[in-house]
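Engineer: Sequence:
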Amino acid sequence: MSDGFPDFRLGSVLATSFTGTLSERHGTAVERIPTPKRLVDWLAVSGLDVESCTPAQLDLARELRESIHAAATAAAIQDALPAAAVQVINDRSVQGRAAAVLTAEGERRWQLGSASVEDALSVIAADAISIIAGERDGRLALCASPTCQAAFFDTSQSRTRRWCDMNTCGNRQKKARYLANQRASGGRAGSSGDRSPSPR
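Oh and the sequence shown: position 171 is 171 in the UniProt record's numbering, straight run, nothing missing.
Rather than coming from a laboratory, the hints here were simulated on the basis of the structure.
Ideal Cβ placement from N, Cα and C applies to all residues, glycine included.
Treat the hints loosely; a few may be bogus.
[To be verified] Pairwise CB distance ranges (calculated):
id, residue 1, residue 2, range
1, Leu142, Pro55, 27 to 33 Å
2, Asp137, Ala29, 53 to 59 Å
3, Gln182, Ala83, 17 to 23 Å
4, Asp79, Ser52, 20 to 26 Å
5, Gln182, Thr35, 39 to 45 Å
6, Glu31, Asp137, 28 to 34 Å
7, Thr147, Ser114, 37 to 43 Å
8, Asp137, Glu66, 22 to 28 Å
9, Arg97, Gln182, 53 to 59 Å
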């Protein structure tokens, strides 16, 4: 936890990391950007430094987040993209000013036109467009956790990743499966290997 707020769950893909600022959507939802300051913090750790954020800009960010989630979910299950979500993504993409710049280390960074939330959202929207349109090497998938079902971008070699985050959803499901197996076997798993040698 940071300042009493849930930690960020950062991934390598900007747009789907952004949708992860609301997790456990089908369980007890966890809001990771509950205040304008937390959005500023998330943008900063994502390489999109902004000067400040108003409650209205936080609302714009959350609207974009939910639109990306809806469109990415539809793309992952090969369903029609929701028109309202597409409109929000497109609006946020064209309303900001940002440019890709090359660092001395040969990496791409984003340079925001005015360090505003709108400029940062335009970068996130553009990233979402590139993955939903299939322009990047990988596939959109949904987390196998029934309480999560987050859309994520699978860039694994086999394209068979099941969890949005192995450290949270994956481990939780493995633990649940282990405990279910323990209960089914009466808690005797591994007992045959725990016998003491017979006295001679």
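Engineer: Hints first: check each against the structure and report whether it holds.
Structural biologist: Comparing the hints with the structure gives:
For the pair Leu142 and Pro55, the beta carbons lie near 31 Å from each other, so the given range of 27 to 33 Å is met. Checked against the hint of 53 to 59 Å, the C-beta distance between Asp137 and Ala29 comes to roughly 31 Å, which is inconsistent with it. The hinted range of 17 to 23 Å is not satisfied by Gln182 and Ala83, whose Cβ atoms lie roughly 48 Å apart. One distance hint, 20 to 26 Å for the beta-carbon pair Asp79 and Ser52, is violated here, with the actual separation near 38 Å.
Between Gln182 and Thr35 the Cβ separation comes to about 41 Å, which falls inside the hinted range of 39 to 45 Å. Against the hinted window of 28 to 34 Å, the Cβ-Cβ separation of Glu31 and Asp137 comes to about 31 Å, which satisfies the hint. One distance hint, 37 to 43 Å for the beta-carbon pair Thr147 and Ser114, holds here, with the actual separation near 39 Å. Take Asp137 and Glu66: their Cβ atoms lie about 26 Å apart, and the range 22 to 28 Å holds.
Between Arg97 and Gln182, the C-beta spacing of about 56 Å keeps the proposed range 53 to 59 Å intact.
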